[in-house]
Amino acid sequence: MIKGVLLLLVMQAGGALLQQLCLPMLPGPVIGLLLLLVLLLVLGRIPQCLEQASAVLFQYLPLLLAVPATGILLGGDVLLAQLPAISGGLLLSLLFCIPLCGWMMQRLIAAETDDD
Amino acid sequence: MMTDPLLQVIHSPVIAIALTLAAFLCAVWLYRRSGWLVLQPVLVTMLIIIGGIRLLGLDYQAYREAVVPISWLLGPATVALAVPLYRNVRRIRQALWPVMLTLLVGGVAIVALTLLFARWLGADVPVLMTLATKSVTMPIAMPLAEQLGGIAALAAVLVMLTGVAGTAMLPPLLNLCGVQHPAARGMAYGMNAHAVGTARALEEGDECGAFAALAMGALGALTAVLLPLAFLLWHLLLD
Numbered sequence: 041m042i043k044g045v046l047l048l049l050v051m052q053a054g055g056a057l058l059q060q061l062c063l064p065m066l067p068g069p070v071i072g073l074l075l076l077l078v079l080l081l082v083l084g085r086i087p088q089c090l091e092q093a094s095a096v097l098f099q100y101l102p103l104l105l106a107v108p109a110t111g112i113l114l115g116g117d118v119l120l121a122q123l124p125a126i127s128g129g130l131l132l133s134l135l136f137c138i139p140l141c142g143w144m145m146q147r148l149i150a151a152e153t154d155d156d
Numbered sequence: 412m413m414t415d416p417l418l419q420v421i422h423s424p425v426i427a428i429a430l431t432l433a434a435f436l437c438a439v440w441l442y443r444r445s446g447w448l449v450l451q452p453v454l455v456t457m458l459i460i461i462g463g464i465r466l467l468g469l470d471y472q473a474y475r476e477a478v479v480p481i482s483w484l485l486g487p488a489t490v491a492l493a494v495p496l497y498r499n500v501r502r503i504r505q506a507l508w509p510v511m512l513t514l515l516v517g518g519v520a521i522v523a524l525t526l527l528f529a530r531w532l533g534a535d536v537p538v539l540m541t542l543a544t545k546s547v548t549m550p551i552a553m554p555l556a557e558q559l560g561g562i563a564a565l566a567a568v569l570v571m572l573t574g575v576a577g578t579a580m581l582p583p584l585l586n587l588c589g590v591q592h593p594a595a596r597g598m599a600y601g602m603n604a605h606a607v608g609t610a611r612a613l614e615e616g617d618e619c620g621a622f623a624a625l626a627m628g629a630l631g632a633l634t635a636v637l638l639p640l641a642f643l644l645w646h647l648l649l650d
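Going down the list, the sequences are from chains A and B. Just so we're aligned: 134 in our numbering is position 94 of the first sequence, and the numbers increase by one with no gaps anywhere. Just so we're aligned: 424 in our numbering is position 13 of the second sequence, and the numbers increase by one with no gaps anywhere.
Accuracy of the hints is not assured; some may be wrong.
[Stated by the list, open to error] Heads up, incomplete: computed chain A residues facing chain B, CB under 10 angstroms, no partners named: (1) MET41; (2) MET51; (3) LEU57; (4) CYS62; (5) LEU90; (6) LEU101; (7) ALA109; (8) GLY111; (9) LEU113; (10) GLN122; (11) PRO124; (12) ALA125; (13) GLY129; (14) PRO139.
Please keep in mind that the hints were generated in silico from the structure rather than gathered at the bench. Please read these numbers as outputs of a predicted model, since none were measured by experiment. Cβ atoms here follow ideal geometry from the backbone N, Cα and C, with glycine treated the same way.
For reference, chain A alone in the conformation it holds in the complex:
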């Protein structure tokens, strides 16, 4: 478990370093994700310790995300001033794009498997 967390932290630190050096537009943890993926591909398997650590982290992912979500408290002024336009734009686009993305992917996968 601790070994798994340590591995995640090393990858995250590597990601942060790469971000500073050459990839300023991507966040460090996302680069760390790619580094870990490359490592797993080279390794050809998932170490037990990593399996445990990621399972625990995923179990509490909603808790970890809820903290930055409270930042809604800060953006109040502009948000309230243009609330109808913002919430309308947000909700209407979700209403169209959620079915579009899901439906399109499902159709394309079905078409692909038909070809084989």
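Given chain A, work out where chain B should sit, using these hints.
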């Protein structure tokens, strides 16, 4: 006043962390008991925490500093998404073309429709530039909004709103449209509701979670690179 022991305890980090954990437990309990997908844990936890901050009269900045022991784990959790991605790497390789086409068409539709509806409803230009980034994960969205002439603080808010509202709307909408394939559901989760959607997709299963993580990461990277270019072209054509 300063020496009031009760006040001192209320403003200590212990209470901030306890409030956060208690809010999460309540939210998970409510989610399981009700079985109602709209009450997803991120939304309810957030609302209970905000209520608690207001009720106890806590300073928001002090609250955020106190809960750093919880929130810093989001970094390693993001890196850990490589695990479901690796486990499904063969499925992803098989579905490479569907993934890329859906990312491109869906990604353009998400930005274009959001801007269109918001403009129609009367949003001004800084808000529009901020809205353009609303579907990508927060650390990408904030600097990107700034670069486009939007408002970084507002970007963080819009990203969270999209994640929370999107994750509430996703399961019923996908069910309604007959989207059953875990990969297709995962793509819709990751593209429309980034990390919050990915957390929910992982609940549905490993394949769904893997495609959500892939969609979130790839859409984030694509948006970071292509959106500034698109706006540059737009300005060149207009001027």
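Check your understanding: Which earlier hints can't be squared with this structure?
Key -> 1, 3, 4
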